[in-house]
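*Asks:* Heads up: the protein sequence lines correspond to chains D and C, in order.
Quick note on the working numbering: the first sequence kicks off at 154 and runs consecutively.
Quick note on the working numbering: the second sequence kicks off at 17 and runs consecutively.
Treat each hint with caution, since some may be false.
To give an idea of the interface, some chain C residues facing chain D are shown, with a C-beta separation under 10 Å as derived from the structure [as the list claims (entries may be wrong)]:
#1 Asn260
#2 Ile282
#3 Asp297
#4 Leu434
#5 Gly466
#6 Val508
Far from chain D by the CB rule (all over 10 Å, computed), these chain C residues [as the list claims (entries may be wrong)]:
#7 Thr185
#8 Thr227
#9 Ile229
#10 Phe357
#11 Phe567
#12 Leu758
#13 Ile762
#14 Leu766
#15 Ile774
Pairwise CB distance ranges (calculated) [stated by the list, open to error]:
#16 C:Glu492 / D:Arg406: 48 to 56 Å
#17 C:Lys257 / D:Lys483: 27 to 35 Å
#18 D:Val482 / C:Glu114: 36 to 44 Å
#19 D:Val482 / C:Lys355: 27 to 35 Å
#20 D:Met239 / C:Lys257: 29 to 37 Å
No lab work stands behind these hints, which were simulated from the structure alone.
These numbers come from a predicted model, not from an experiment.
For every residue, glycine included, the Cβ atom is placed at its ideal position computed from N, Cα and C.
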Amino acid sequence: MEKNCGDKISRRNFLKKISCIGLQMLFLPIFGRHGYGKSINSGFTPAYLKLHRSGELKERAEKLWKIMEKCQLCPRKCGVNRLKGMKGVCRAPGSKLVISAFHPHFGEERPLVGKRGSGTIFFTHCNLRCVFCQNWEISHIGRGTERSINDLADMMLFLQKIGCHNINLVTPTHYSPHILKALDVAVEKGLTLPLVYNTSGWERLEILKVLDGIVDIYLPDIKYWESSMSSKYSSGAETYPEITKEAVLEMHRQVGTAKPAKDGIIYRGLIIRHLVMPNNVAGSEKIMEWIAKTLPKDTYVNIMAQYTPLYKAFDYPEISRRITKEEYVKVVNKAKELGLSNLDIQGYWWLR
Amino acid sequence: MTFGIIKNSLRLAILIMGFSGLIAQMLLLRELLIVFSGNELSIGIIFANWVILEAFGCFFFGKRAEKSKNKFETFIALNIIFSISLILAIFFTRILKELLGFSIGENIGFLQMLYSSFIILLPTSISHGALFPLSCKLYSDFSHDKASSIGKVYIYETIGTILGGIVWTYFLITYFHSFQIAFFLVILILLINIILIIIFWREFRLKKITTVITLTILIVSLYLTISAERIHQFSISAQWKGLNVVHYQNSLYGNISVVENEGQYIFFSDGIPELITPIPDIGFVEKFVHIPLFTHPQPQKLFILSGGAGGVINEILKHPSVKEIDYAELDPLFLEIIKKFPTPLTEYELNHKNVKVKYIDGRLFLKMTENRYDIILVGVFNPSDLQTNRLFTKEFFALAKKRLNNSGILVIGLPGSLRYFNDELKNLNSCIFNTLKSEFSYIRVFPAEGTNLFLASDSDEIIHFDSSKLLIRLNERGIHVNIPIARHIEEVLHPGWKEWFTMFFEGGTEKINSDFTPIGVFYSVSHWNSVFNPEIAKVFQLLEKMNLQMFIVLFIILIFLFFLLPIKKTKLYRLGIPLCIMTTGFAGMIFDLMLIFAFQSIYGYVFSWIGLLVTFFMVGVSFGAFFTNSLLSRIKNLLSVFIKIDLTIISFSLLMPVLFIMLHPHIDSSVEFIFLKILFLILSFISGSLVGAQFPIANMIYLEKSPSLSETAGILYSSDLIGGWISGVLGGIVLLPVLGLLNTAIVVVLLKLLSLIIIVYPTIAINVSERR
Numbered sequence: 154m155e156k157n158c159g160d161k162i163s164r165r166n167f168l169k170k171i172s173c174i175g176l177q178m179l180f181l182p183i184f185g186r187h188g189y190g191k192s193i194n195s196g197f198t199p200a201y202l203k204l205h206r207s208g209e210l211k212e213r214a215e216k217l218w219k220i221m222e223k224c225q226l227c228p229r230k231c232g233v234n235r236l237k238g239m240k241g242v243c244r245a246p247g248s249k250l251v252i253s254a255f256h257p258h259f260g261e262e263r264p265l266v267g268k269r270g271s272g273t274i275f276f277t278h279c280n281l282r283c284v285f286c287q288n289w290e291i292s293h294i295g296r297g298t299e300r301s302i303n304d305l306a307d308m309m310l311f312l313q314k315i316g317c318h319n320i321n322l323v324t325p326t327h328y329s330p331h332i333l334k335a336l337d338v339a340v341e342k343g344l345t346l347p348l349v350y351n352t353s354g355w356e357r358l359e360i361l362k363v364l365d366g367i368v369d370i371y372l373p374d375i376k377y378w379e380s381s382m383s384s385k386y387s388s389g390a391e392t393y394p395e396i397t398k399e400a401v402l403e404m405h406r407q408v409g410t411a412k413p414a415k416d417g418i419i420y421r422g423l424i425i426r427h428l429v430m431p432n433n434v435a436g437s438e439k440i441m442e443w444i445a446k447t448l449p450k451d452t453y454v455n456i457m458a459q460y461t462p463l464y465k466a467f468d469y470p471e472i473s474r475r476i477t478k479e480e481y482v483k484v485v486n487k488a489k490e491l492g493l494s495n496l497d498i499q500g501y502w503w504l505r
Numbered sequence: 017m018t019f020g021i022i023k024n025s026l027r028l029a030i031l032i033m034g035f036s037g038l039i040a041q042m043l044l045l046r047e048l049l050i051v052f053s054g055n056e057l058s059i060g061i062i063f064a065n066w067v068i069l070e071a072f073g074c075f076f077f078g079k080r081a082e083k084s085k086n087k088f089e090t091f092i093a094l095n096i097i098f099s100i101s102l103i104l105a106i107f108f109t110r111i112l113k114e115l116l117g118f119s120i121g122e123n124i125g126f127l128q129m130l131y132s133s134f135i136i137l138l139p140t141s142i143s144h145g146a147l148f149p150l151s152c153k154l155y156s157d158f159s160h161d162k163a164s165s166i167g168k169v170y171i172y173e174t175i176g177t178i179l180g181g182i183v184w185t186y187f188l189i190t191y192f193h194s195f196q197i198a199f200f201l202v203i204l205i206l207l208i209n210i211i212l213i214i215i216f217w218r219e220f221r222l223k224k225i226t227t228v229i230t231l232t233i234l235i236v237s238l239y240l241t242i243s244a245e246r247i248h249q250f251s252i253s254a255q256w257k258g259l260n261v262v263h264y265q266n267s268l269y270g271n272i273s274v275v276e277n278e279g280q281y282i283f284f285s286d287g288i289p290e291l292i293t294p295i296p297d298i299g300f301v302e303k304f305v306h307i308p309l310f311t312h313p314q315p316q317k318l319f320i321l322s323g324g325a326g327g328v329i330n331e332i333l334k335h336p337s338v339k340e341i342d343y344a345e346l347d348p349l350f351l352e353i354i355k356k357f358p359t360p361l362t363e364y365e366l367n368h369k370n371v372k373v374k375y376i377d378g379r380l381f382l383k384m385t386e387n388r389y390d391i392i393l394v395g396v397f398n399p400s401d402l403q404t405n406r407l408f409t410k411e412f413f414a415l416a417k418k419r420l421n422n423s424g425i426l427v428i429g430l431p432g433s434l435r436y437f438n439d440e441l442k443n444l445n446s447c448i449f450n451t452l453k454s455e456f457s458y459i460r461v462f463p464a465e466g467t468n469l470f471l472a473s474d475s476d477e478i479i480h481f482d483s484s485k486l487l488i489r490l491n492e493r494g495i496h497v498n499i500p501i502a503r504h505i506e507e508v509l510h511p512g513w514k515e516w517f518t519m520f521f522e523g524g525t526e527k528i529n530s531d532f533t534p535i536g537v538f539y540s541v542s543h544w545n546s547v548f549n550p551e552i553a554k555v556f557q558l559l560e561k562m563n564l565q566m567f568i569v570l571f572i573i574l575i576f577l578f579f580l581l582p583i584k585k586t587k588l589y590r591l592g593i594p595l596c597i598m599t600t601g602f603a604g605m606i607f608d609l610m611l612i613f614a615f616q617s618i619y620g621y622v623f624s625w626i627g628l629l630v631t632f633f634m635v636g637v638s639f640g641a642f643f644t645n646s647l648l649s650r651i652k653n654l655l656s657v658f659i660k661i662d663l664t665i666i667s668f669s670l671l672m673p674v675l676f677i678m679l680h681p682h683i684d685s686s687v688e689f690i691f692l693k694i695l696f697l698i699l700s701f702i703s704g705s706l707v708g709a710q711f712p713i714a715n716m717i718y719l720e721k722s723p724s725l726s727e728t729a730g731i732l733y734s735s736d737l738i739g740g741w742i743s744g745v746l747g748g749i750v751l752l753p754v755l756g757l758l759n760t761a762i763v764v765v766l767l768k769l770l771s772l773i774i775i776v777y778p779t780i781a782i783n784v785s786e787r788r
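Please work from the sequences and hints to get the whole structure.
*Replies:* In structure tokens form, the structure reads like this:
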């Protein structure tokens, strides 16, 4: 493999062939100029270290890997044999790992981005399959590059090396076995960044239990309050509200409330995202009520306003428009009224 | 019945055949273009398919129909098939996205364009193609001078085509929608059929059934014409899957449709959503407007080229220093339609005292105005076709720079993604970056999901702008805010993005996008293509690497092979003529597309002029064919004339792009614009004539060596078509956008030289050996 890193090295090849670990150094000068590359999360110890040392991380990875034989990684439980290359609802190509991008991201939640960015890794395919998907190229059509477990481990290490504050795994659900395997490899080579599990929220309790002690930051969506809506807009996922509520509670049980450390960065905890949709399709106020009632008042809640009709949304008149300022403000006000004190509000309609 | 009436009725029928051929071609071209998101690169594909299908009809069905005992019945049957299939083709084109499994607002890939347009055009083009030989036969049956009858049919068909082009451009497209036009055409065809039935009553064997069928269809068509509006509406609602379409109109530039949804209007341009009123994509609009306006020390005079209404102007007006905003769209009709569906936001924006709305193509306005601006905002964020690419070329950036004050800023956007990178996206961004860099000293990129924002300026202010500067300016200008810095603004100003973009760019292309080398469109289209058709994405990646040097090397290798290989060169002579005709067919289609693309790059509204350009080209072909045909008997050395025409084609293909490149920078007034437009028609005519002129001579030369007339015509005609088809598909999608006008012309020259050498060499060799 190292032979590939011969004379024809260019940074462009790197993006294609992360497997050449030596190439990663080429990036460092770019990010290194600003003093990146030092260990920055001093004082923080990720939960997974202990599990790695005891060998349990490896066992858990194997446990999840075996589930793919009759895949039940997500609530769809379609039971296909991914180890034999079969595709389930998520359309992930068997047990192959396909990744569309990885890089330092400066547009995620402020306490995740800090100065040096959130180390995002975007996984292709998705089990929820929403009609208004904003990344349908990767989630529905599955555009990306096939990678090995070692590649994934190298990506994590690379993101740590250039100074990112965390490893942000986007749409990880159907690749959780791969992630755990790669993590085990990466930890061995020195990974110490917290993992961000950036998910639709529709997660099985059984799987979340396996992730207990591995993930430090859970970043779930709560997309819908009513199952008729989740069923209609997310390909028959009528169990979404029910399962997601339970999942969020379990996530909170594991990592607690997200609180920034002295440096302003969040290293552990639960961050909830909610996208306000037109015509109250999401049931936003009900969701806020549930959060306020069930979780601590200082739970980090990001209320998002950027809904815009995309992908197949034009096939559904009730969601083929943008949300109004009033629709958004109403949800924010409701959340404030309910006493939610840690709201991340986007500040659209900025100038008066 | 007198002979005159008989002949006149046939002439009329043939004239209408030419007329309806052009109108049908234009109708379907326009409908397909709308469904293909207005992507002009698909014109080549559509033409190629139309031509090849027409030829297929001419050869296979036409020849058979010629031998049929019921010639008149067949003629009428073909007319009826043509009519019905035309109506159906329009309908199926409108619901094509649904049929192919695409959603409203999605783009169609090239592969799908290729086969779907083939299937849709199939019955219409084939039946129209079959009519030609049959008309020739009918005409010669009733003519004293049988030999010249093909020529006469050709003339009447050409007259019909000319009429069609003029009526289409100046009458039909302005006042009627496609179904109305199609039904007019159908009625016209059926009426002439009735006339034929009456006049040639005795010739018909199946009198009753033909009459009954024709009359029935005529009556049905008359009825349907009255309800054409309803069919039109029905097809639109099928196309838009029940959305409330409140407006559907073809402008000179393309199709504009408006969908209403709970008080919000979504404006679609060629099926792609462009604007939603009155709720802006606020997160984006605030970035797009406030970042440059706070970056500039004192923005007073602004120009918005497209995308001003529906939020942008409203945000700009929040800056107290702004005194004047000039605003134009690429399609002026867009503005009128926004006004037609007023919302408080757009009314406020368009009627504000500081806003001057210009009802003229934005680029043309910028060219003609003498104003100088502090900021120019370009509100089109993808050079997805030639029309929009006009705002991303070196020429445009140079023009923008001329119209900017010293510290002025040009703001553009390009497709960007934080989730999915591919080489196509990288090349698109880096190509436009290079193009900007060739005109401006400083460029700052703000990467973001969906759209990367580019600021270009000769002042380094844009490089040093950050959150702290923003806070100072907010304070200075006394603007009230809801929170100190909105998250989405702070986010894009994060210093980490600067390095991010450097990383993203590494290894991207170094090519530059220009009016006559619209490589930007190619990258945009291949990005789209790589998402939908990854299986052919690799092909596109290879095509991107293509350059003129490769063609030159290939040319030299082929020449060497030709001279060095121990083959009897005289044998190749037989191959040379069809090969030459093939390269001429290739050149012809390239000329046609070159004119269409150049027109679009300069004016942006080829949608309305394509009919005329094609007509002039086709008339040129007929004229050329006639001209040489009439001289045939007087030509002593056929081969020498043939070679001379070939050399003329070669010189012409060099001359045309040079002419465009020379004239392009000097058009600054509307008078010159009109002059250039006429030049386009003249050039169309000349290209056609050159292509047409060669054919009869080739026919004669080839006949000397070949006994069969029909075999000769068949071989030569198919060579011509194969050449045309290849260049329609390749030239449109690859050659012209990647190599540009001039280099494509050089490729044509190389190809022509190659085929010429194959013909000339044996002659010289024979002469030399004879002399010895």
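*Asks:* Does the closest beta carbon of chain D sit nearer than 10 Å to the beta carbon of C:Leu434?
*Replies:* holds, 6 Å
*Asks:* Beyond 10 Å from every Cβ of chain D: is that where the Cβ of C:Ile774 lies?
*Replies:* holds, 40 Å
*Asks:* That 27 to 35 Å hint for C:Lys257 and D:Lys483 (C-beta), does it hold up?
*Replies:* At roughly 30 Å between Cβ atoms, D:Lys483 and C:Lys257 fall inside 27 to 35 Å, so the hint holds.
*Asks:* At 10 Å, judged by beta carbons, does C:Ile762 keep clear of chain D as stated?
*Replies:* holds, 30 Å
*Asks:* For C:Ile229, which was marked as not at the interface, is the minimum beta-carbon distance to chain D over 10 Å?
*Replies:* holds, 41 Å
*Asks:* Over 10 Å to the closest beta carbon of chain D is the bar; see if C:Leu758 clears it.
*Replies:* holds, 29 Å
*Asks:* Does the nearest C-beta of chain D fall within a distance shorter than 10 Å of the C-beta of C:Asn260?
*Replies:* holds, 7 Å
*Asks:* Taking the closest Cβ pair, is C:Ile282 under 10 Å from chain D?
*Replies:* With Cβ-Cβ at 7 Å, under 10 Å, it holds.
*Asks:* Is 36 to 44 Å a correct range for the gap between the Cβ atoms of D:Val482 and C:Glu114?
*Replies:* holds, 38 Å
*Asks:* Hint check: is the beta carbon of C:Val508 less than 10 Å from a beta carbon of chain D?
*Replies:* The hint holds - C:Val508 has a Cβ within 10 Å of chain D, the shortest such distance being about 8 Å.
*Asks:* Is it true that C:Glu492 and D:Arg406 lie within 48 to 56 Å of each other by Cβ?
*Replies:* Since C:Glu492 and D:Arg406 have Cβ atoms about 50 Å apart, the given range 48 to 56 Å holds.
*Asks:* At the C-beta level, are D:Val482 and C:Lys355 separated by a distance inside 27 to 35 Å?
*Replies:* holds, 29 Å
Every hint, counting from the list given before, is met by this structure.
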